[in-house]
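As given, the protein sequences belong to chains A and B, one line each in that order. Under this note's numbering, the final residue of the first sequence carries the number 1277; numbering is consecutive throughout. Under this note's numbering, the final residue of the second sequence carries the number 1277; numbering is consecutive throughout.
FYI, nobody ran anything at the bench for these hints, they're computed from the structure. Any given hint might turn out to be false.
Any copy will do: because identical chains look the same in the list, a pair fits if it lies in one copy or spans two.
As the list claims (entries may be wrong) - Pairs of lysine-lysine, PhoX-like flavour, derived with a Cα cap of 25 Å:
no. : residue 1 : residue 2
1   : 1266      : 1136
2   : 1083      : 1209
3   : 1000      : 965
4   : 1000      : 1136
5   : 1106      : 1023
6   : 1136      : 965
7   : 1258      : 1106
8   : 1136      : 1023
9   : 1054      : 1044
10  : 940       : 1185
11  : 1055      : 940
12  : 1051      : 1192
13  : 1106      : 965
14  : 1000      : 1266
15  : 1106      : 1236
Bear in mind that the values here come from a model prediction, so they are computed numbers and not experimental data.
Number of protein chains: 2
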Amino acid sequence: MDIDIQLIEQSKIDSVDFNNLNFGRTFSDHMFTCDFKNGEWTNPRITPYAPFTLEPSARVFHYGQAVFEGMKAYKDDNDDIFLFRPDENFDRINKSAERLAMPPVAEDVFFEGLKKLLHLEKKWIKKGLGNSLYLRPFIIATEGAIAASPAEEYKFMIICSPAQSYYGGDVRVIIAEKYSRSADGGVGYAKAAGNYAAQFYPTSLAHKEGYQQIIWTDASTHEYLEEAGTMNIFFRIGDKLITAPNNDRILDGVTRKSIIQLAKDNNIDIEVRRVTVSEIKDAARVGELKEIFGSGTAAVINPIKGFKHDKDSFELADQENSYARFFKEKLLNIQYNKSEDKHGWRVKI
Amino acid sequence: MDIDIQLIEQSKIDSVDFNNLNFGRTFSDHMFTCDFKNGEWTNPRITPYAPFTLEPSARVFHYGQAVFEGMKAYKDDNDDIFLFRPDENFDRINKSAERLAMPPVAEDVFFEGLKKLLHLEKKWIKKGLGNSLYLRPFIIATEGAIAASPAEEYKFMIICSPAQSYYGGDVRVIIAEKYSRSADGGVGYAKAAGNYAAQFYPTSLAHKEGYQQIIWTDASTHEYLEEAGTMNIFFRIGDKLITAPNNDRILDGVTRKSIIQLAKDNNIDIEVRRVTVSEIKDAARVGELKEIFGSGTAAVINPIKGFKHDKDSFELADQENSYARFFKEKLLNIQYNKSEDKHGWRVKI
């Protein structure tokens, strides 16, 4: 595949304070774009990161055909660059695209675009555990027509944003009793843009009560714990780790499935099954609920310090042998080429 | 409110064949734009309809903050221009915006922008029943930042597309048994962009089976009939008209609520209550199901000729005294200033 490359005249990297990065607000020098027209992906190109033009009638504005992925590039002490299970992101963006009646991005477009861009942006990936270049591949419907039907034209783009180790402070969550993230038979399993906007308002209500996130429950009964906003969710009762099974409401998280595998590798008792609100509350009452944590690409693992449901609030004590810390260290060591990688998750670029 | 106006040099209206309009693909000469920045709506302007630039990181592409309305402007025989219940669209775009954590558009921005634009685009509104200028007000999140939280910057825009009487051929529908449009506690009642993309794939499966649309059912049981894709839905059993009540899954349609009022005005027995799949199938089997029709701004009323559920298919016979035709005529006569308008729905611009 021939990628047309137009380099920036002057890198802006020297103006960036890599010790004070605000997540998702700084972008690297270049971006990758490929157009879908007449049934095929065409004109793959790397250009300076810059605004681009769209018709006011572009279907993404009106009918929400937009899917994305979140990935990170890591650098080890030898300046080698790695991705973590990129095949999973490629598979998932196309599952998301299919559910939204969008064309799948071609494998060479996805991977050649990603690799070429990463080689150009090498200096934007800083060494040191926690530093990374966050990668955002996404597909949007660009065709200008406001008939309510799938577009014929799309753009696939990759933009890059340098990121530090993400720590959002202590996280406490509300378990959803009224609002829902997604329906059976809906698009919850897809990384669809519309799934996120739908969460902002209920999350803002949680903020007003002093909670940072929501643990979403099933829409029918609000009894099954499913996902925490932008993360999958794990519960530790005693020494057993539990997470909800995938269904069409829950995102098939790459970090989630890696944790399940690492648990098995390390003889940690892991159950992938439905978890009810009452089970968690009962366990919390008798001191058996040791940990809750979210998992996702941005934060890797995010420990949850407390939760609220109905009129009940619970605080979780710090654990000396925390699973959250254990898995985070395991994952970071694999991602940064500091440990063995027996499943071949680390991919050198 | 001062609206900055930049006129097009040469109108493109002479290049448009108003007898062969493809819905939503032709746009008028001008558009209205207003920016939301620093907590307020600012810089209202009318400019030539043209592409505009956005950051690749604009939140609308990643997190789906996008809501819209559909309205029509009508011209009567005296060249007067009318809107139909525009207050309803204004209220609804702001309900939609609230649910997606977006700022409400200011009343003067919405109405002054709409009026000024319509006066400029007068010649794009053609006389004759069925001709109209379709208006598409929408709000999108423009701020360039890929943190998963509500944007601080938005654009409110209105674009205009000339439309003819919409007839999409005979419509047959499938009643949803697996896929869902929205969840309890979700965003189904909002005119959110993401709700539409979510319907395209299941609808494409229906197309493959020879059906044009889907009647969505509740996500939990698939037993309650709710909405037909882009339209609300009515059932006539005997001489009784039935439509589902509004809930947080169903769009509060302007045409729907007008039909309910017109039914009352004309002593047609109307029930707003939950309708089950089995009730409709049972009625169809004994010949009591006389009509099904969808209602919405684009098509006004769209009769449904047949439906499929599970292994059963049903065809509906033509009715001599069709409710669909009755309400369509009533509505068009009000919209085009051809009849009395006792509820004050028609607004002269």
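Flag every earlier hint the structure violates by its number, smallest first. The structure breaks hints 1, 2, 3, 4, 7, 10, 12, 13; every other hint is satisfied.
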